[in-house]
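2 protein chains.
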Amino acid sequence: MEDKTTEIKILEAATEVFQEKGMYGARMQEIADKAGINKALLHYYYRSKEKLFETVFRAAVSLMAPRIKGIISSDVPIFDKIRKFTDEYISFLSNHTYLPAFVINELNKNPQLIQEIFLKEIGSSFQILRDDVQKLADKGEIKPVDIEHVLVNMISMSLFPIIAKPLLKTMFNKSEKDYQIFLETRKKLVADMIIDSIKV
Amino acid sequence: MEDKTTEIKILEAATEVFQEKGMYGARMQEIADKAGINKALLHYYYRSKEKLFETVFRAAVSLMAPRIKGIISSDVPIFDKIRKFTDEYISFLSNHTYLPAFVINELNKNPQLIQEIFLKEIGSSFQILRDDVQKLADKGEIKPVDIEHVLVNMISMSLFPIIAKPLLKTMFNKSEKDYQIFLETRKKLVADMIIDSIKV
DNA sequence: GTCTATACTCGGATAGAC
DNA sequence: GTCTATCCGAGTATAGAC
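Protein sequence lines, in the order shown, are assigned to chains A and B. Just add 140 to wherever you are in the first sequence, counting from 1, and you've got the numbering used here. Just add 140 to wherever you are in the second sequence, counting from 1, and you've got the numbering used here.
Any given hint could turn out to be false.
Copies of the same chain look alike in the list, so a pair counts if it fits in one copy or across any two.
[To be verified] SDA-like cross-link-like pairs, simulated, lysine to any residue; straight-line CA separation at most 20 Å: (1) Lys-327 with Met-204; (2) Lys-221 with Lys-279; (3) Lys-327 with Ile-295; (4) Lys-314 with Phe-266; (5) Lys-161 with Tyr-238; (6) Lys-327 with Ser-234; (7) Lys-327 with Val-290; (8) Lys-161 with Asn-248; (9) Lys-260 with Leu-307; (10) Lys-309 with Gln-252; (11) Lys-189 with Ile-177; (12) Lys-209 with Phe-312; (13) Lys-317 with Pro-251; (14) Lys-309 with Arg-270; (15) Lys-314 with Pro-251; (16) Lys-309 with Glu-288; (17) Lys-327 with Asp-286; (18) Lys-191 with Glu-246; (19) Lys-314 with Glu-288; (20) Lys-309 with Leu-291; (21) Lys-191 with Ile-257; (22) Lys-314 with Phe-258; (23) Lys-275 with Phe-312; (24) Lys-339 with Leu-329; (25) Lys-283 with Met-294; (26) Lys-309 with Gln-267; (27) Lys-191 with Leu-151; (28) Lys-309 with Glu-246; (29) Lys-327 with His-289; (30) Lys-279 with Ile-338.
In case anyone wonders, no lab produced these hints; they're calculated from the structure.
Construct the complete structure from the given sequences, taking the supplied hints into account.
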């Protein structure tokens, strides 16, 4: 971390600590230590713990948001979008396993902030999706489904096995490699279930 | 709460507050107020906040385990078991909303303890279910499905909307009452999806 | 067993020198 | 910009009277 500005060093250290400990578990002292500076500097650059957290969190969400937007607004058939979504979403989460638990924890402790960030980043995508599905249903190309349930189903089945990985690994007696295969299998399985539930 | 012993009053108050605020958001003062006693008494009976929480937590898990066991080992057709499961599971979680988030949080911090509690409480149920499904598949009454995926699907779709409630409420622009209806609707919807995915 | 009063600890925030 | 030293509130925990 030697060449970077203090501001960047702090941000990187904070990202690590917040990801590991969450907003409330994280200690300003630990962040300062990891960045190789002292507590006072944290406040000099970011004013408060809350502001620092917000900066870190926005950056993390911004990683996923454009990919979701890209898939939803892409010009391909709805079934392809669904396959693409489960595929990319599960892949992304597999490589950022800390994120879901992180979001869920913070959601309970600081709902306002998390909601605001999410709505800003992906709220519009949801509206686009809702309209698309409505049009397809009107044309009779899919069932007249409730998009809210469909979306919740798709996200649920993709996300939960990532969050509950430690528990499920033990319960199903799987090795790390086996669990990766299990997740890989789910990409198609989840997409198939969703598609089955909306196709005419 | 007048007639109960102080110990019970504390436990009930703590359950309410923990459900609402979670382990970290909960304040001992609030629990004391709700129980109609003072903070010192909390420590007299439960030594520390952590011990109090653990007591509440174990009680909650123990509440659900026998019901799951009961459903799985009951002598009714598999489709009825599935309907009964989604129904009771979603109802239970709606009344213990803090539980999933806590479990997930602890899974990251203290995987051993949580896994041990879960395996002890519901591990055997899973084996029973696995055997049942195998037999039915052999008899050709259901598809030869992978029980692990089916189980994960069922739990995912029931549990996620509880965890993500604050976010989904905002995103879907629903009132508390509307969200309850949304969850109520899911009981049948999830069961239908699971049944569709395994019926011949 | 139950209370009041208070001690103690942790951790975020700030003042002020350099 | 960076540091040391310090403040101060929040919240858990305990002492001791009744």
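| Which hints, by number, does the structure contradict? | none
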